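**Student:** We have chain A; now place chains B and C onto it with these hints.
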Amino acid sequence: MDTIIIDGLSFALPLFIMAIGGIYSEKSGITNLALEGFQGFGAFIGALSAVLIANAYGTDVENLFYVALLFAMIGGMGFSVIHAVLSIKFKANQVISGVVINILALALTTFLTTQINALVFGAASDKFRLGVSERFTIEGLADIPVIGAVFTDVYPFQVIIIVIAIFAWYVLYKTRFGLHLRASGENPHSVDAAGVDVAKIRFSAVLISGLLSGLAGMCFAYSISAQFSSSIYMGYGFLAIAALIFGNWKILPTLAACLLFGFAKSGGTFISQALALPSSFTDLFMILPYVLTLLLLIFFSKSNQAPRALGEIYDKGKR
Amino acid sequence: MSKNKKKVSLSYRLLWPIRNEKWQPITIPVFSILISFIAAAIVILLLGKNPIIAFYNLFQGAGIFPKASYAGYKSMLTDFLSLLNAMTPLIFASLAVAVALKAGLFNIGVSGQMLVSGFLATIIVGYSGLDAFIAKPLVLMIGIVAGGLMGGLVGWLKYKFNIHEVVTTIMLNYIAQYVISFFIHMYYIDPVSRQSKYITEAARLTLVDVELANLKMDISLGFILAIAIAIFIKFLMDKTVVGYEIKAVGSNRNAAKYTGIKVGKNTVLAMVISGSLAGLAGVTYYLGYFASIQPKVLSNIGFDSIAVALLGNTHPIGIIFSSFLVSIIDEGSTYMSSQAGIRQEIASVIIGLILLFSACGAYLKHKVSSLKEKEVERKDSES
Amino acid sequence: MSDYIVEMKHITKRFPGIVANDDVSLGIKKGEIFALLGENGAGKSTLMSILSGMYEPDEGEIYIRGEKVQIKSPNHAANLNIGMVHQHFKLVDDYTITENIILGMEPISKFAGLFPYVNIRNANRTIEELSKSFGLEVDPKKKIADLTVSMQQRVEILKVLYREAEILIFDEPTAVLTPQEIDFLLGIIEGLRNSGKTIILITHKLEEIKKVADRCAVLNKGKLVDVLDVKTTSINLMAQLMVGREVSFESEKAPAQFKEEVLKVEHLTVKNEDGFEVVQDVSFTIHGGEIFAIAGVADNGQVEIADAIAGLTKASGGKIFLNGKDITHDSIRNRTETGISYIPEDRQRYGLFLDFDLSTNLGAKQYYKEPFSNKGILKSLEFEQFGSRLIDKYDIRSGQGIHTQVRSMSGGNQQKAIIAREIELQSPLMIFVQPTRGVDIGAIENIHNMIIQQRDQGKAILLVSLELDEIMNVADTIGVIYNGRLQKVASSESLTTNEVGEYMMGARHE
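Protein chains in written order, with full-length UniProt numbering: chain A, 1 to 319; chain B, 1 to 383; chain C, 1 to 510.
Since the hints were made in silico from the structure, they are not lab data. There is no bait here: all hints are sound.
With a straight-line Cα cutoff of 30 Å, these simulated DSBU-like cross-link-like pairs (lysine-lysine) come out:
#1 K369(C) with K239(B)
#2 K91(A) with K90(C)
#3 K250(A) with K174(A)
#4 K90(C) with K221(C)
#5 K271(C) with K265(B)
#6 K22(B) with K91(A)
#7 K302(A) with K141(C)
#8 K250(A) with K160(B)
#9 K234(B) with K262(B)
#10 K264(C) with K257(B)
#11 K89(A) with K365(B)
#12 K314(C) with K369(C)
#13 K314(C) with K158(B)
#14 K160(B) with K271(C)
#15 K160(B) with K234(B)
#16 K253(C) with K488(C)
#17 K141(C) with K110(C)
#18 K264(C) with K253(C)
#19 K143(C) with K132(C)
#20 K264(C) with K369(C)
#21 K314(C) with K302(A)
#22 K265(B) with K302(A)
#23 K143(C) with K200(A)
#24 K223(C) with K29(C)
#25 K375(C) with K234(B)
#26 K200(A) with K90(C)
All values reported here derive from a predicted model rather than from experimental measurement.
With the rest of the complex left out, here is chain A (with noise of 0.2 Å):
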């Protein structure tokens, strides 16, 4: 039962804060399905600093997890700027360059880890390997039943997600910059006819989007698989932008569905190693999120509400 928690929630906060991402984005009117390229970039340039760092310093690179983090941060934003240029600037249709951007993002990637391995290493791996971060459990708290679970075999990086989340929902909900961004997504020219710059604001919001997965692939690359390679497209942009259909373009809505998620994934492993059954059973329990997205989808559509500008290319001479 633990172990379902422990793991489910290890999965889902990542999940969760990179949903809030495509949230930004497409609350502001831009269609993003480029989160999976995003958080394996952004992973890409954490694990490439960090082995670089520890090569430099011979530190550890489990210990350069804080550094990675921020580095992954950095590249994902970066990397999110070629959507934004695309949609925005260059008037492409939004799910072509989310596309092509995933494409090009896997592809760079896998180059980029080759040569660099061959070229600094002298090896010819196409991995960098990162290990796994440090956990703590919270004495005292820890041995409530049940809740418990929550306050054991803590990654460091699901503190982070959740203050992080907090304060991406004061943002988006309380700030000044919220109500233009939300205002985005629904009529950009009111905003436009307020004075606001309709460009800048979704120019942020990609931009926060790209941060935010460049944050979660990191932490899925030093928690599940302990490794950088090819394999962190396991298609989690995919199950984040699932969650937040699912959730309503909403945030708390949207954690339910990443915890769901999490724990469905969790719950799967745990049900099939329990019945002893082949762990190709788990592949059954992974369809879950999808299958659970699809019939909300057709039982609710009316009161699945999506940005009501989402995807519409914004022309300012145009009414």
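**Tutor:** Structure of chains B and C alone, referenced to chain A:
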């Protein structure tokens, strides 16, 4: 003011080669391909290699130019036939994307549709031991039907519940991936290769190692079909009532409804056609180019095809050319890597860049027309 | 210092292909209502967009309170106390009135002295006070989606007042209002002037100008024709200056000759997406040779009636008969075949495929049958011949003839293309919804004449319009709709404009 004008004419000159609107469907893709190759050349130069030789190796590997030497039973012809073999599923997949785009729909689910039809054809025909004359047409039929049904489902969900096809196809991609992975692991796994068991030669759509004139060739039966179907799709879209209605729905759903076109029927129909094409891509991929399925992996072709279709301007004949180019880069990369010592992975980077630049095509078009206007004004004010 | 609060000198603004403003010079005095009069495309809106910072002029100078300024953005205009009430409201449906008004100028407070946040509670209070002081009663916490059109307009006015505008520009503010709402609005505008604000009123409605304006500038084809003192100028003279020639306000029309019944609507009820009955128990008949007009304020169900007859929306109750045949459950295409032509309200959204060429659009209602196609194969030659014939017959102007992309055609010519296509169907029933929207005066006359001509050929005409003048002018029979119900059906001679207005407001019913 005058400084501004100078800048205008500079960028005007840069875009000069693509100034003619009539030729833009061809010039803009060529422009993006050129820029991508230049970008790749810079990377190769930075690695200390010669880009011209690298690109030449690329084409040699794909059987366009002759290699210095060949292993036994191999020649330029066999390389070229392998290229066509690899290119076949990409043509089908890109046609699938293009047909959907004409109806204003994004089929992001080509990978999933490929996987489902490939898997069904594999388990129904691939292991059956049926005679080749029955097995091969049956494989094609299953591909068309399975892909069509899956595409139709997406269209139906859009029409009936107004669920965006991008969302549905993403969800279905992953559902297909995991469910099929489950079945392969449970029933069809080859313990050595960790993939599904190989299908019989009779069911395979590529004739492997055909010995002829002392060569061993892989002949893709699907390739001829792919070309024929591309021409058929072109005819269907441009010259028939069905094509008119699909394009009308894609251009303006409201207006289509107003003129009496059944929007729902055409949405489903376009997705059925698109799905069938994806199904053909699936069977020519999993039962042609390959002969087994790797569990838990979606083919990249499904996503590449979106951009390949775009690069080909969603025009069936354009798609044949863009698939050809992308396949050359893909197929030639191994040889380039062994000859020039450049990592094979750079091939995907070049493809990625081409796709990236072709996504900017609309902007270039817009830029050219606005620059033209300014240029006319400038000339007016000068004279 | 001059006594003008706004002065625009020698303003010229060019767009690709046209000169929107050609050397226009104006002076506006503080505390007056200054009207800008002109046809569509005369350059009124462009001129005011320049003043409100949306465009920069190519040539010319602007002085505000005697100081030379370059207005670079709407924000900059707001800093100069200039505000524009747009014709197309720019509101976020999902936001409250307050959130919409403060957008871009939010009052900020701080949590724990550290985290800034938008103080909605304070803003609500400010908006409430502001709305009271100008007689614009609104509930600041209501969402825009729940407001009527005239309420939304009040929000737009409040937006401008919240930004402390002294110079208020109203862009065609009465286009979507009922006569009674118009009176209320004009009252507010006068109140604003009396409290010291300067008002610029863009309009093409002469009576409004006569009612409230002090002075009036007339624009024609981008040029300033004259600046008039409203009190001493007749409406006829203003109209002449606006159009550049003498205009007849009334179409020449022979008396109607009713023939047999063509359309019969019985107890029609239509529900919208939310299950709300937008059309309730509506019954009427139209004869051949009759123009039946539905008058009403926007969104009172009139478009839904037209859509239900044409088959674009389903009738949830009642029956529709065309030439005696029950078509209530027929498909759109079957109804077209039985005999309905439909000129839709929104020509770009419904009437045309903007990315297709002209001949493809002209054939859009007949492509599936002989001679345009045979056994599912299209015949492009037929499309071309048909297209060329219609271009000549209806004088549709376009850059590259039948191969012109419709998107690049002017609004008037797009409308001509639709009307041509629909008339060519030779249907016994023709439905026109807002046929003259966004078309200039010369073309309006032309369209009215075409409608009357079709009537005289024995067609039954259903006309839906928000322009009361148009209805009074063209209709033989008028049905007035309010809240989805027909309030009154009578011959047009038996009703006055004011009576129709009262029925439209629901102030009178039978």
